[in-house]
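Starting from the known structure of chain X, arrange chain V on it as the hints suggest.
If you're matching them up, the sequences are chains X and V in order.
Counting from 1, one number per residue, gives the positions in the first sequence under my numbering.
Counting from 1, one number per residue, gives the positions in the second sequence under my numbering.
These aren't lab readings, by the way, just hints derived from the structure by calculation.
As the structure is a computational prediction, the values presented were derived from the model and not from experiment.
What you were told as hints is all true, and nothing was included just to trick you.
Think about it this way: if two alpha-carbon atoms lie no more than 20 angstroms apart in a straight line, the pair counts; the simulated SDA-like pairs of lysine to any residue are: (1) X:K178 <-> V:A376; (2) X:K81 <-> V:G246; (3) V:K268 <-> X:S111; (4) X:K81 <-> V:T249; (5) X:K178 <-> V:Y88; (6) V:K268 <-> X:R116; (7) V:K220 <-> V:L156; (8) X:K178 <-> V:G81; (9) V:K268 <-> V:E309; (10) X:K81 <-> V:L244; (11) V:K328 <-> V:V368; (12) X:K178 <-> V:G398; (13) V:K268 <-> X:H114; (14) V:K268 <-> X:Y33; (15) X:K178 <-> V:H79; (16) V:K268 <-> X:T113; (17) X:K178 <-> V:E87; (18) V:K268 <-> X:M112; (19) X:K178 <-> V:I82; (20) X:K81 <-> V:A245; (21) V:K268 <-> X:N115; (22) V:K366 <-> V:R89; (23) X:K178 <-> V:N85; (24) X:K178 <-> V:R89; (25) V:K317 <-> V:R306; (26) X:K178 <-> V:D397; (27) X:K178 <-> V:T80; (28) V:K207 <-> V:E172; (29) X:K67 <-> X:I77.
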Amino acid sequence: MFGAKGSGDTSGYGGLVRTAASSGSSERPYGGYFDEVADDLERAYPDFADAIERVVVDRGELTLHVKRERLVEVSTILRDKLLFEMCLGVSGVNYPADTNRELHAVYPLLSMTHNRRIRLEVSVPDSDPHIPSLVEVWAGNNWNERETFDMFGIIFDGHPGLTRILMPDDWRGHPQRKDYPLGGIPVEYKGATVPPPNERRSYR
Amino acid sequence: MTTYSDPYASSRETTEGTVFSVTGGDWDSLVTEIGATKEERVVVNMGPQHPSTHGVLRLVLELEGETVTELRCGVGYLHTGIEKNAEYRSWTQGVTFVTRMDYLAPLFNETAYCLGVEKLLGITNDVPERASVIRVMMMEFNRISSHMVALGTGALELGALSPMIFCFREREKVLDVFELIAGLRMNMAYVRPGGVAQDLPAGALPKLRETVKELRRDFKDNDKLLIGNTIWMKRTEGIGFLDLAGATTLGITGPVLRSTGLPWDLRKMQPYCGYEDYNFDVITANTSDVYGRFLIRMNELEQSLRIIEQCIDKLEKLEGAPVMVADKKIAWPAQLALGGDGLGNSLDHIREIMGTSMESLIHHFKLVTEGFRVPAGQVYSAVESPRGEMGVHLVSDGGTKPFRVHFREPSFNNLQATAAMCEGSLIADIIGAVASIDPVMGGVDR
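For reference, chain X alone in the conformation it holds in the complex (with noise of 0.2 angstroms):
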């Protein structure tokens, strides 16, 4: 019962429910300034419903999960026509159970003419894992998007300089993920070593 290895877990109990994030897609109306986004998005985006997988909004907040071959042109219309001025970098999210979508981009966007804040989601698989840069929509997403290749190893195709900013350039593998330990490697003083974290007897 106690010591189970495996979740991270340090009580023995907490391994038991872990469910996945929701997937399923929200039906209009959505509610707040969101239908006006979505209809001027599909007005001023002829394919939008090629481009846009899902529409999602919960906790009062708006996703859309963008196909990323159409990123750049999504971006570009809601830059330009819904004057999102203002991306506010992107977060990698690691999700090892979503097969062939492991690696999520989340884009937090912002207009300041209309106040309104929503939010673009990209999933790409890890073996695969492209997706095209926003530095040349938004050139504010550089350091973001080389932070999000530096902890997630997502390639941004067309990225001006795309290298590691928070890790040392020689490191290995992306920190951030989920298959990779906290700590990682075990450090040696003075002829001891002492283990990573995350095997030490209270991690377990």
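This is chain V only, laid out in the frame that chain X set:
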């Protein structure tokens, strides 16, 4: 070329050309040696250990004479893996990590994180009013202490020592307030999902009023010293220019964005923690330069004091109200009491779980060892930190630990503007431009 033998300044040949290391010693000999080369273009590596780069920031500068032709930033020297670590701790324990990111604005990190967790839990509206007011008050005090460091170190880096002494004197008063309320001066992990860690100590409000009065009086020293000062103006006016279009595409927020004249402040535009109930002005400037950003920070101090005064008024009316959500599963299962050995569980609670109720014991054990569960989903929540939009992207898989914690750090994003602000300017003006961005490397590298 002769190799110079000064241990502090020596040169060596590489495939990229001659590399001179300068760490001290006699500059004349170095200048003579560089003068002997035919090269016009000089690449200077400034930092990461440099007193004027605001922490461990590395700047690679390409110079022609004293003009910077190209600039690149190197960051990551303070990367501590806070986002990764948070995935291995409970949602509550995450606060202790995130408070250490931007170490000059810990309360903003905590509040952004906690607002995100509360949004995931769906308890945003259940957070007691007193807790929200305390959060606002602590954040505004923190804005003052953070701006004090920005102004003080910024002035110091440009060669003005006295403002630094004044600023740190004021900051000390704010840190005393934190010590009084949270027990710690920095990294206090005071804001928790559902409310704040503990109520204000008895007799705190009169002391806070006194502090506000003192701060308002002492801010004048810096005003007199710097505003309109000829030397200060010459070092800051027209320096580090970045207009609205540049700021927007680079994702710049905070004082740097407001220095372009756009009154974008999340406290007004997308209020959280009840900011819509406070009277204050959004300060802007239309010069888009270092001086404008400096003026914005100076004037925001007074606005923060205004908000704090309104908070104190509200707190007087809310005396005795709860500071944590009613749901014990999220707050804390035990009633805490001060025992002989510091904070502990109250004897009543111990008696209940050990002597009378098996259910209570199970709940206590589960919630203390494992933490509460958070429904699956993802949220983005943002607060206006002293440096701009401090956003947090949280993903839960329904477990007791975050599945992913990502921080949209304003320092990280704003630092990208360094090249746009500095290329084409003099090398001495880089210092002013970087100081006006006010990056905190603990936040940049996380």
